[in-house]
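Student: Could you build all of it, start to finish, from the sequences and the hints given here?
Each chain, letter by letter, is given below.
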Amino acid sequence: MRFLAFFFDLLEPIFRLGQKWLGLSRLGWLFVAPNLLVISVFTFLPILINIVYATTGGVNLFPFQRPFTGAENFQILFECTNYLDLSTCRKDVFWRAIANTLKFSGLQVGLMVLLSLVTALVLNRKIMGRGFWRGVFFYPVLLSPVVVALIWKWLLQNQGVFNASLVAMNMPPIEWLTDAGWAFFWAVFVSIWAHMGFYTLILLAGLQAIPNDLYEAAEMDRASPWRTLTRITLPLLMPNLIVVLVLAAIRAVQVFDEVFVLTGGGPGSATTFIVQFIYQTGFAEQIHLYGLAAAASLALAAFLVVLTLAQLRLTRASEAGQKGR
Amino acid sequence: MKALDFLLRTRGRQRLHWTDVMSYAYLMVGLFVMFAPVLWLVVSSFKTESAIGQFPPTFLPYSQKTVAVEGHAKPLPLYKATLDDGSQRLMAQASRMGIMATMVDPANPQDTVRINIRQREPVNELKFAWSNYTDLFGKFTFGVYLWNSVFITVVATLLTLLINSMAAFALSKYRFKGQKPVFLLIIATLMIPPTIILVPVFLVINEVGLLNNLWGVILPAIATPTGVFLLRQYMLTIPDELIEAARMDHASEWRIYWRIVLPLSAPALAVLAIFSVMWRWNDFLLPLIVLSQSQHFTLQLALNSFQGELNTQWHYLLAMTVITLLPVTLVFAFLQRYITTGIASAGVK
Numbered sequence: 001m002r003f004l005a006f007f008f009d010l011l012e013p014i015f016r017l018g019q020k021w022l023g024l025s026r027l028g029w030l031f032v033a034p035n036l037l038v039i040s041v042f043t044f045l046p047i048l049i050n051i052v053y054a055t056t057g058g059v060n061l062f063p064f065q066r067p068f069t070g071a072e073n074f075q076i077l078f079e080c081t082n083y084l085d086l087s088t089c090r091k092d093v094f095w096r097a098i099a100n101t102l103k104f105s106g107l108q109v110g111l112m113v114l115l116s117l118v119t120a121l122v123l124n125r126k127i128m129g130r131g132f133w134r135g136v137f138f139y140p141v142l143l144s145p146v147v148v149a150l151i152w153k154w155l156l157q158n159q160g161v162f163n164a165s166l167v168a169m170n171m172p173p174i175e176w177l178t179d180a181g182w183a184f185f186w187a188v189f190v191s192i193w194a195h196m197g198f199y200t201l202i203l204l205a206g207l208q209a210i211p212n213d214l215y216e217a218a219e220m221d222r223a224s225p226w227r228t229l230t231r232i233t234l235p236l237l238m239p240n241l242i243v244v245l246v247l248a249a250i251r252a253v254q255v256f257d258e259v260f261v262l263t264g265g266g267p268g269s270a271t272t273f274i275v276q277f278i279y280q281t282g283f284a285e286q287i288h289l290y291g292l293a294a295a296a297s298l299a300l301a302a303f304l305v306v307l308t309l310a311q312l313r314l315t316r317a318s319e320a321g322q323k324g325r
Numbered sequence: 001m002k003a004l005d006f007l008l009r010t011r012g013r014q015r016l017h018w019t020d021v022m023s024y025a026y027l028m029v030g031l032f033v034m035f036a037p038v039l040w041l042v043v044s045s046f047k048t049e050s051a052i053g054q055f056p057p058t059f060l061p062y063s064q065k066t067v068a069v070e071g072h073a074k075p076l077p078l079y080k081a082t083l084d085d086g087s088q089r090l091m092a093q094a095s096r097m098g099i100m101a102t103m104v105d106p107a108n109p110q111d112t113v114r115i116n117i118r119q120r121e122p123v124n125e126l127k128f129a130w131s132n133y134t135d136l137f138g139k140f141t142f143g144v145y146l147w148n149s150v151f152i153t154v155v156a157t158l159l160t161l162l163i164n165s166m167a168a169f170a171l172s173k174y175r176f177k178g179q180k181p182v183f184l185l186i187i188a189t190l191m192i193p194p195t196i197i198l199v200p201v202f203l204v205i206n207e208v209g210l211l212n213n214l215w216g217v218i219l220p221a222i223a224t225p226t227g228v229f230l231l232r233q234y235m236l237t238i239p240d241e242l243i244e245a246a247r248m249d250h251a252s253e254w255r256i257y258w259r260i261v262l263p264l265s266a267p268a269l270a271v272l273a274i275f276s277v278m279w280r281w282n283d284f285l286l287p288l289i290v291l292s293q294s295q296h297f298t299l300q301l302a303l304n305s306f307q308g309e310l311n312t313q314w315h316y317l318l319a320m321t322v323i324t325l326l327p328v329t330l331v332f333a334f335l336q337r338y339i340t341t342g343i344a345s346a347g348v349k
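Respectively, the protein sequence lines represent chains A and B.
All residue numbers for the first sequence refer to UniProt numbering, where the first residue is 1 and numbers rise by one.
All residue numbers for the second sequence refer to UniProt numbering, where the first residue is 1 and numbers rise by one.
One or more of the hints may lead you astray.
[Claimed, not checked] Simulated crosslink set (DSS-like; lysine-lysine; CA at most 27 Å straight-line):
| no. | chain 1 | residue 1 | chain 2 | residue 2 |
| --- | --- | --- | --- | --- |
| 1 | B | K74 | B | K173 |
| 2 | B | K80 | B | K65 |
| 3 | B | K139 | B | K80 |
| 4 | B | K139 | B | K127 |
| 5 | B | K139 | A | K20 |
| 6 | A | K103 | A | K91 |
| 7 | A | K20 | B | K177 |
| 8 | A | K20 | B | K180 |
| 9 | B | K127 | B | K173 |
[To be verified] So, partial list: chain A residues that the calculated Cβ filter (under 8 Å) puts toward chain B:
| no. | residue |
| --- | --- |
| 10 | L27 |
| 11 | G28 |
| 12 | L36 |
| 13 | F42 |
| 14 | T43 |
| 15 | L61 |
| 16 | V136 |
| 17 | F303 |
| 18 | L304 |
| 19 | T308 |
| 20 | A310 |
These aren't lab readings, by the way, just hints derived from the structure by calculation.
C-beta: ideal position from N, C-alpha, C; glycine also.
Tutor: Following this line, the structure appears as structure tokens:
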């Protein structure tokens, strides 16, 4: 504590000088400066460089030593002789990654939001130890992706507990992570397992904000549970549901670490998603194609911007609907 | 319609309704699905190498008993042998050729029998392989990974608290030109996921000479928009009169910030500290591209590289995984309430 105080006192003269030069109100700039500096160097500058990368070619890391190629990187990514057959594309891994990502997002977001909703509805009932149960579903959210992947890898390995149960039931063991279909299933399952608690929590907060007298009134009117759900709970929960849906979609599109550790993107490219494609093209493969990786990230960014705008639009629409009610 | 009852009723009745039973059943299934995998991992991490290779696996870490027998350098595995005359004896296996095993009586090494291996059953005992954990520190540079993770987490969290609270202080307690754009600019970075600027961030870190340096993982992450937002909202509730009074007493602005506003923001700082610790301890993608030499690895990177290299060494990998998830679990166990309400109210992460 003493050390901390000493450290803080050390900084005082800087702010006294700053106040002399800038005046009291503009001293605010000095306080936001460290934050702005970090953001500029590690977020805004990279955005600009990303555009430079995407429009230049070669393998040089330094942006100004890279030959300008215009839209060539995008052409390489999007070039196909026959768009109905993705294997004819020049970068067919990119297309497979996109297809995988879309399939993954659709399944994962749909199932996860549904499960989170059910869990939140159950947790919103009068149950004993709600805090404990809330914690149960939330705990995996805090685990790191690597740990999550290793937990499931241990269960799913050939000699693991899943196969032991199959053998105990006189069924042949399954290669859970090296069979394309099963690997995809587990990628979806594990990511739902790891993240649903977060969305459950947001929905639960939304449910608890719904005034109880509405339910009492519904009970007076002898409204059926189904009617109560569709006419009171869901409409009033809509803003939260939209937030959860879009947030989950934005995250699902960027799925990487859990699946990367769980399956490594395989078998083949069955669980290779778009971020892994970026990572591989830019860092993991022998020749680092920064331009191509940057172009792919810009394509991903464009998609995310669309998702975010959709969220803003929908939230506004539902808020307007709330007010009109 | 009745089936929905268990999801929908919010007011409990006197007696346990069947919908309540359904709810608790759902929660029990949830408990199993969420915790059983972690429990299985933790229990498995105490299994010996041979117990880990066993199929089908047992829940508890059983392994075969061994006995020291005179005339044999190594302890021999103990079996329950069924002799040809039908009697059962505890015997150690001295050697094995094909399907025939030579068994000795541990008490009397001269007494040997040859039996079919089907006629013997291993004698197991509950045995916790603590060596899985202790070996980590001796055999591997595990201590280095642990230190790297702790260093990154602690330093990054302190810096996160410092620079984000400074920004939040400016954005809540001063009125300067360009204040709104600055706030929007900071919040806008929420929309830019790190995955998208991976390549240029790598370049910037390389250019400032922080590649393979722990600071290369710390610095890019310390300015978090969620932190600024969270702290600003909290500081807005601190009355301005307090600051005015301090100014009357000729306190410098810096002193006002760190002697008055910072202590008063302690609850919000605590929430941000918890999140920052979680984020940094669990971080994977940024360390993955910045730290490529193994002496700079964090626990997460070490785990990732181990699972490739040491495919057969599950016993070490499991122990290492347990150590990695331990701090997060402890923090969660003690601060569950703050974490869940913090997230529910701010929608953080």
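Student: Each hint should be assessed against the structure and marked as holding or not.
Tutor: Okay, the hints, checked on the actual structure:
For the given pair, B/K74 sits about 74 Å from B/K173 by alpha-carbon distance, which is inconsistent with the 27 Å threshold. In summary, the hint linking B/K80 to B/K65 is supported, as the alpha carbons are separated by about 11 Å, within the 27 Å threshold. Taken as a hint, the B/K139 and B/K80 pair is broken in the structure, with Cα atoms around 35 Å apart against an allowance of 27 Å. Distance hint between B/K139 and B/K127 is fulfilled; the C-alpha atoms sit about 21 Å from each other, no more than 27 Å.
Distance hint between B/K139 and A/K20 is unfulfilled; the C-alpha atoms sit about 59 Å from each other, more than 27 Å. As the CA atoms of A/K103 and A/K91 are separated by approximately 19 Å, the hinted pair is consistent with the 27 Å bound. Between the alpha carbons of A/K20 and B/K177 the distance comes to roughly 18 Å, so the proposed pair stays at or under 27 Å and holds. For the suggested pair A/K20 and B/K180, the alpha carbons sit about 24 Å apart, so the restraint of at most 27 Å is met.
A C-alpha spacing of about 61 Å is found between B/K127 and B/K173, which places the hinted pair above 27 Å, so the restraint is violated. A least Cβ separation of about 6 Å between A/L27 and chain B falls short of the 8 Å threshold, and the interface hint therefore holds. Restraint check, A/G28 versus chain B: the minimum CB separation of about 4 Å is within 8 Å; hint holds. Restraint check, A/L36 versus chain B: the minimum CB separation of about 7 Å is within 8 Å; hint holds.
Interface restraint check: A/F42 against chain B, minimum CB-CB distance 4 Å, threshold 8 Å, status holds. Checking A/T43 against chain B: minimum C-beta separation of about 5 Å stays under 8 Å; hint holds. The beta carbon of A/L61 is positioned within 8 Å of a beta carbon in chain B (closest approach about 6 Å), and the interface hint is therefore held. A hinted interface residue such as A/V136 counts as satisfied when its beta carbon comes closer than 8 Å to some beta carbon of chain B; here the least separation is about 5 Å, so the hint holds.
Hint status for A/F303: violated, given a least beta-carbon distance of 10 Å to chain B, over 8 Å. A hinted interface residue such as A/L304 counts as satisfied when its beta carbon comes closer than 8 Å to some beta carbon of chain B; here the least separation is about 7 Å, so the hint holds. Because the closest C-beta pair between A/T308 and chain B is about 6 Å apart, less than 8 Å, the hint holds. A least Cβ separation of about 13 Å between A/A310 and chain B goes past the 8 Å threshold, and the interface hint is therefore violated.
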